[in-house]
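Undergrad: Sequence:
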Amino acid sequence: MRTDDLAADVESMRRAGAKVGNPFSLTRDRPDGYHLSWVLATPEPPFNGQLPFLIKDDTPRDERVPRERSHANGATGIRTLVIAVDDPGATSRCYARVLGRPAAPIERRDLEATGVTFRIGPNDVQLLASKSENGPLTQWIHGRGQSPFEVVLANSGADATTLDSSLLQGARVRFG
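Note that my numbering has the sequence shown beginning at 5, numbered continuously upward.
The hints are all genuine.
Result set (SDA-like, lysine to any residue): computed pairs, CA atoms no more than 25 Å apart in a straight line:
| # | residue 1 | residue 2 |
| --- | --- | --- |
| 1 | 60 | 37 |
| 2 | 60 | 36 |
| 3 | 135 | 111 |
| 4 | 23 | 60 |
| 5 | 23 | 145 |
| 6 | 135 | 178 |
| 7 | 60 | 70 |
Distance ranges between label pairs, derived from CB positions:
| # | residue 1 | residue 2 | range |
| --- | --- | --- | --- |
| 8 | 105 | 76 | 36 to 46 Å |
| 9 | 33 | 149 | 26 to 36 Å |
| 10 | 20 | 63 | 25 to 35 Å |
| 11 | 101 | 33 | 36 to 46 Å |
What the hints contain is simulated information worked out from the structure, not anything from laboratory work.
A virtual CB, placed ideally from N, CA and C, is assigned to each residue, including glycine.
Hey, can you work out the whole structure from these sequences and the hints?
TA: See below:
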């Protein structure tokens with residue numbers, strides 16, 4: 005998640021009970037020679053995969069993220085991020101404390117899952133646990149641990165569709 009005050013947001017997450025590493029700087033040079041820099045703070049076990057990393061741009065964001073944000077497939081950004089967790093209630097406590105509001109309950113029959121959702125700006129973060137021993141989230145956590153499971157992309161008029169996960173290293177990406 006992007007932040008304008010990395011130190012304050014790291015401290016807020018720590019006060020909420022999350023383990024977050026100390027911020028560290030990263031850089032890269034674009035092919036045109038422009039030097040980019042940003043600072044990250046990443047969650048540490050047991051929270052890695054369940055909480056977002058925080059990023060603060062040192063150089064203007066429009067230099068790191070292309071100004072032209074339209075894509076041939078119609079994607080205009082992320083609408084929903086689904087994170088597979090063992091215990092949505094426990095994971096949601098950090099989010100609720102940092103955001104200053106509780107989550108809303110959610111059920112996803114298509115995933116045989118239940119959990120909570122947070123609206124953050126135009127985006128939703130869903131923390132979901134499997135309701136069955138053989139559901140897709142159980143299999144995901146068994147193979148990859150508690151981590152992002154699905155991303156739903158916002159689009160500019162494209163039909164709702166799920167992309168072929170075999171072409172995406174197993175990632176579940178869909179338009180919605």
